[in-house]
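Single-letter residue listing:
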Amino acid sequence: MSRTITINHVTRIEGHAKIDIHLNDQGKVASTQFHVTQYRGFEKFVEGRPYYEMPAITARICGICPVSHLLASVKACDAIMAVTIPEAGRLLRELLHCAQFVQSHGLSFFHLSAPDLLLGFDSDPKLRNVVGLIEKYPEAARDGIALRKFGQQAIERLAGERIHPSWTVPGGVNQPLSTETRDWILSGLPLARSIIRRTLKTFKAMLDGFPEEADSFGNMPTMHAGLSDYEGRLQIYDGIMRFRDADGKVVASFAKPTEYSKYIGEASLPDSYLKAPYFKPLGYPEGTYRVGPLGRLNAAESCGTPEADQELAEYRQRLGRIVHSSFFYHYARLIEALYASERMEELLNMPEILDTHVRAEAAVNCHEGVGIIEAPRGTLIHHYKVDEKGAMTWANLIVATGHNNLAINRSIQQVAERFVDGNQLKEGAVNRVSAVVRAYDPCLSCSTHAFGQLPMQLRLLSASGETLDSVTAG
Amino acid sequence: MSKAKVATVWLDGCSGCHMSLLDIDEVLIDVVQKADIVYGPLVDAQEFPEMVDVTLVEGAVSSQDDLRLIQKIRSRSKLLVSLGDCAVTSNVPSMRNNIPTKVLLERAYVQGADVNHRPPTDGVPTLLRHAVPVHEVVKVDIHVPGCPPKADAIAFVVTELLSGRKPELAGKVKFG
Ligand code: SF4
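So the sequences go chain by chain: A and B.
Counting from 1, one number per residue, gives the positions in the first sequence under this note's numbering.
Counting from 1, one number per residue, gives the positions in the second sequence under this note's numbering.
Below, computed lysine-lysine pairings styled on BS3-like, alpha-carbon distance capped at 27 Å: (1) A:126 with B:34; (2) A:136 with B:5; (3) B:3 with B:139; (4) A:126 with B:78; (5) A:201 with A:136; (6) A:385 with B:102; (7) B:139 with B:78; (8) A:426 with A:28; (9) A:149 with B:5; (10) B:34 with B:5; (11) B:150 with B:172; (12) B:34 with B:3; (13) A:136 with A:149; (14) B:3 with B:150; (15) B:172 with A:149; (16) B:72 with A:426; (17) A:126 with B:3; (18) B:3 with B:78; (19) B:34 with A:136; (20) B:5 with B:72; (21) B:166 with B:5; (22) A:126 with B:5; (23) A:126 with B:72; (24) A:149 with B:34; (25) A:136 with B:3; (26) B:174 with A:149; (27) B:3 with B:166; (28) A:280 with A:262; (29) A:149 with B:150; (30) A:426 with A:126; (31) A:136 with A:126.
No wet-lab data here; the hints were simulated from the structure.
Full structure from sequences and hints, please.
Here's what the structure looks like:
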């Protein structure tokens, strides 16, 4: 008799999800389903709103990376106004984005995943969280809090608020950078960088302790995608979108944001509010690709900043040019945090960043605009259409976690095959199934902009569909 | 003295209120010395526990799952705090309220898809006709507006409650 296990509540992720594990007659894993269980309807309810309200509305899709939505949104608005924004405005937006990378990657690593890595996947679930971390590894916990705080404070200094600031506007930003703020951020960078260096060192020393996880957390050939510049250097604010196959060959690239729909299709799924984007030339579901830290470092040739490039060389030496296991999202994330901190320094030292001309003014000059950026969790696309008065007539949003949806599903299946056995859900297995989802750092608030809610729920189902075991994680 | 039990929950919100809670930074370390965080997005609890002292709720009530969860939480919490504008007024989630849910779903999963043109039905909760504020479905003891409320205000609410006082919020919070 085949059976189903459900994890009702996937914990330590940003959102709401549920996982079903179906067993076959022999009690082995037959299939798995990842359900995102919230739907919010942003794409529909924004119709009729003026386009310049879109940044403030879409920032409320996600409180973890509101800056990503703000930036994708203002870029789409720039395109509707058909303006090239002043150089200082561009540099400031990128600076803000780097600060967000630092805080968001810090949160993902320390607050959400470090409990598994430092305390152990099989450690006491009551303590396997940020509180347990504070008790057992106070240094690491303080580092995590300090790193996130630096990123959030830099955002606050630049943009006026830590969460949902209104500083980024269509055409640029609404206030130039003061020398005090520049100096304040510069003075905080050495501490941030030393925390990241320290953490990388600790993480690399632990790597060999997780052979099974490295081998089964979504260790599979897929395509990878992300933004980089003409020379292949990692870009997070603006760049060329490249798709590489599992062997590392570039199979598609485009520089014009409007071309995304030639390459990216979306499939509705019967069992999730999160749609599944796929690479159109290969079709659904063959066109699986990964985005986010792992995908970006696979898609790019280099980071383009000295320390991050050194780390990237070591990473590739250990794991290969194309890294296939999603366990290494954590590693890639730390390298990117280092990149973001270095890039902040480069930007702050450019004299043009203090220029007071930071905003271009214009009205509606185009009826359609697309903004693409790299959010911490991966490529984020905002696509708007407006009427001649600038009222929204149509919107499409494709978020980072969406791109990863097919890969997350396959990864869950792989981990479940490795760790789930018999009719009962052992805690260590539940946690590993949840942890593979956490490796992607899925932002289910983002995913559920339109779709789905994720504390996680796991269910184990028999072949006849009867629920054998069920747990809620989170 | 036994530690107070604190839970946090995330319904239909953007997690910004939870992020603002984390923005109390080092105060968090003091808080976890005085209280156990027994449920929420940051910890691994499987089931909402019995006899929780304080539960902070982010987000509006939008789906059948939200509704069931908040009713269970109310019956198991001594004090329920609506944290942020989504919980207090239903804010951004309520922007969908003048559109029938069928139209919303069709926009995303029928018109908005290249493959499989139909809304999901299996293993996902049904949307309520309207996204509503928390106090519309259960009794709420304290309202903390803001989108999100400032970290200072959250730190104040939590430390007052842990000292056994009802926080006096006049002048400390505002909507938006
Ligand atoms: S009140 Fe604002 S910050 Fe809080 S969940 Fe709602 S939209 Fe997000």
